[in-house]
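Given the coordinates of chain A, work out where chain B should sit on it, guided by the hints.
Those protein sequences? They're chains A and B, same order as listed.
Going by the numbering used here, the first sequence opens with residue 1, and the numbers climb by one from there.
Going by the numbering used here, the second sequence opens with residue 1, and the numbers climb by one from there.
Bear in mind the hints are in silico, worked out from the structure with no lab data behind them.
Values in this document were obtained by computation on a predicted structure and should not be read as measured data.
Among the hints, a few may not be true.
Okay, derived cross-link-like pairs now, EDC-like style, lysine to aspartate or glutamate, Cα gap no bigger than 16 angstroms in a straight line [unchecked claim]:
id: 1; chain 1: A; residue 1: K247; chain 2: A; residue 2: E105
id: 2; chain 1: A; residue 1: K65; chain 2: A; residue 2: D79
id: 3; chain 1: A; residue 1: K65; chain 2: A; residue 2: D183
id: 4; chain 1: B; residue 1: K34; chain 2: A; residue 2: D107
id: 5; chain 1: A; residue 1: K85; chain 2: A; residue 2: E100
id: 6; chain 1: B; residue 1: K135; chain 2: A; residue 2: D257
id: 7; chain 1: A; residue 1: K284; chain 2: A; residue 2: D294
id: 8; chain 1: B; residue 1: K129; chain 2: A; residue 2: D79
id: 9; chain 1: A; residue 1: K85; chain 2: A; residue 2: D107
id: 10; chain 1: B; residue 1: K94; chain 2: B; residue 2: E130
id: 11; chain 1: A; residue 1: K255; chain 2: A; residue 2: E135
id: 12; chain 1: A; residue 1: K247; chain 2: A; residue 2: D224
id: 13; chain 1: B; residue 1: K122; chain 2: B; residue 2: D93
id: 14; chain 1: A; residue 1: K247; chain 2: A; residue 2: D79
id: 15; chain 1: A; residue 1: K247; chain 2: B; residue 2: E130
id: 16; chain 1: B; residue 1: K39; chain 2: B; residue 2: D118
id: 17; chain 1: A; residue 1: K236; chain 2: A; residue 2: D211
id: 18; chain 1: B; residue 1: K129; chain 2: A; residue 2: D224
id: 19; chain 1: A; residue 1: K85; chain 2: A; residue 2: E106
id: 20; chain 1: B; residue 1: K34; chain 2: B; residue 2: D104
id: 21; chain 1: B; residue 1: K135; chain 2: A; residue 2: D224
id: 22; chain 1: A; residue 1: K284; chain 2: B; residue 2: D118
id: 23; chain 1: B; residue 1: K90; chain 2: A; residue 2: E270
id: 24; chain 1: B; residue 1: K39; chain 2: B; residue 2: E68
Some chain A residues near chain B, calculated using beta-carbon distances under 8 angstroms [said to hold, decoys possible]:
id: 25; residue: W60
id: 26; residue: Q61
id: 27; residue: G109
Every beta carbon over 10 angstroms from chain B, so not counted as near; a handful from chain A, in silico [what the hints assert, rightly or not]:
id: 28; residue: A53
id: 29; residue: W91
id: 30; residue: P165
id: 31; residue: T184
id: 32; residue: D211
id: 33; residue: K236
id: 34; residue: T245
id: 35; residue: V272
id: 36; residue: A274
id: 37; residue: V283
C-beta: ideal position from N, C-alpha, C; glycine also.
Residue strings, one per chain:
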Amino acid sequence: MWAARANDWQRPLGLRYSLGMKTIIMRIAAAALLLCLRPLAPAALAADADNIAPATAADWQALAKLPDWSGVWTPVISDQVAQEKTNRPPWKPQVTRQIEHMYAEEDAGRPFPIIDHCFPTGMPSWMLITHNAFEILFTPGRVTILGEGDGNRLRRIYTDGRPHPADPDPSFHGHSVGHWEGDTLVVDTVGLLPQAYLAVNEAVGVPNNGDMHIVERLHLQGPDTLLDELQITAGKVLSKPWNTTRKYYRQRARKFDILEGVCEQGSYTEAVDANGNAIFAPVKFHNGVPVGSDSK
Amino acid sequence: MKRVALFAALAAGMMGMSAPASAHHSFAMFEPTKTLTFKGTIKSFQWTNPHVIVWVMVQPDGAGAAQEWSLETTSPGVLTRSGWTRMSLKPGDKVSVTLSPLRDGSHGGSLNSVTLLDTGQKLVPSFGKEMPGLK
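Same shape as in the complex, but just chain A (with noise of 0.2 angstroms):
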């Protein structure tokens, strides 16, 4: 019944003034209602579709149930490359012969130059093929995923209860929705841009191309290990969906604090200007890597 009332409100607006002044009142007896309970409602932070709720005592130490996901994580590159060999994607046949054409390359010392922009690596490359590490925070309403590498790599899963953007703005990282089945949080990514990459390592992969929806369970294995279970649905370049797992072993020893990490700061160094100004001067470049100037 309240939902036939909803969509009253979404008639053109000549019916709206049709309504008679019985339902008039009973709205706004029932709008009255809802801010006098709004208080006493279970903590919920997607108050409404346009505003976040103020994280309350409650919010925050709801938190305190969830597992405890501190510390650094550093990824299991040894795993990485155990399943780019065990568990290919399923590519389409038309991109199965850029892959073997990129391993080809690879092979040969000339590898494609995937990450070489200093673009973020984007999802789901960031979480298959990273070498960096990164750190997890639990704040009311989100996740945050902080890496290490490429100056603007971080993850906002909202766990409010919101849904995806009808029309999300594409991005690197996309948009993250996500919430908690016992100690596993289930995450859903959509609106990524068709240009980041669906990689297997860092020389060998393809842009998505668009449409890609991935989805992701994250849980621990063992008390120091983070287990991502990733369902990647790439229609564009995937003959069909792709089920993958990526490991993340736990370190609490200082020395693996996460550091800013930007990436152009390397394609630069150190110098002093003629005014006696710190500066970046460009370091010579050749095929993709740094050389000494005096190098060819």
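Leaving out everything else, chain B in the frame of chain A:
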């Protein structure tokens, strides 16, 4: 096949680009099965993401004009965890370096280790085994 050829041409075109400089990359352009050892002098120690670069002046043949080589390695984060600091190498330090060189003969390589000749300290760009709870 036409598409593959076009793709190959595009890829080759991208590889040939000299600008913009590209800081982050795979290490497949280095020859992993080849190891060189040079003695030289640190020119500068570029402590930057995504790759730290040891700029070193070397005489590969032990004589003649010194050459400037770029020896790339992992990130400041990984090096910090491996016991390095941004002060580990300073301009003027005399070193012995081992590296896997670029396949195209340019003056660059992937750093395997660097030894400070004054102290004998050997620095390796790895924090060891893949396991949780590393100290």
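(request) If any of the earlier hints don't hold here, list their numbers in rising order. (result) Numbers 1, 2, 10, 22, 25, 26 and 37, in rising order.
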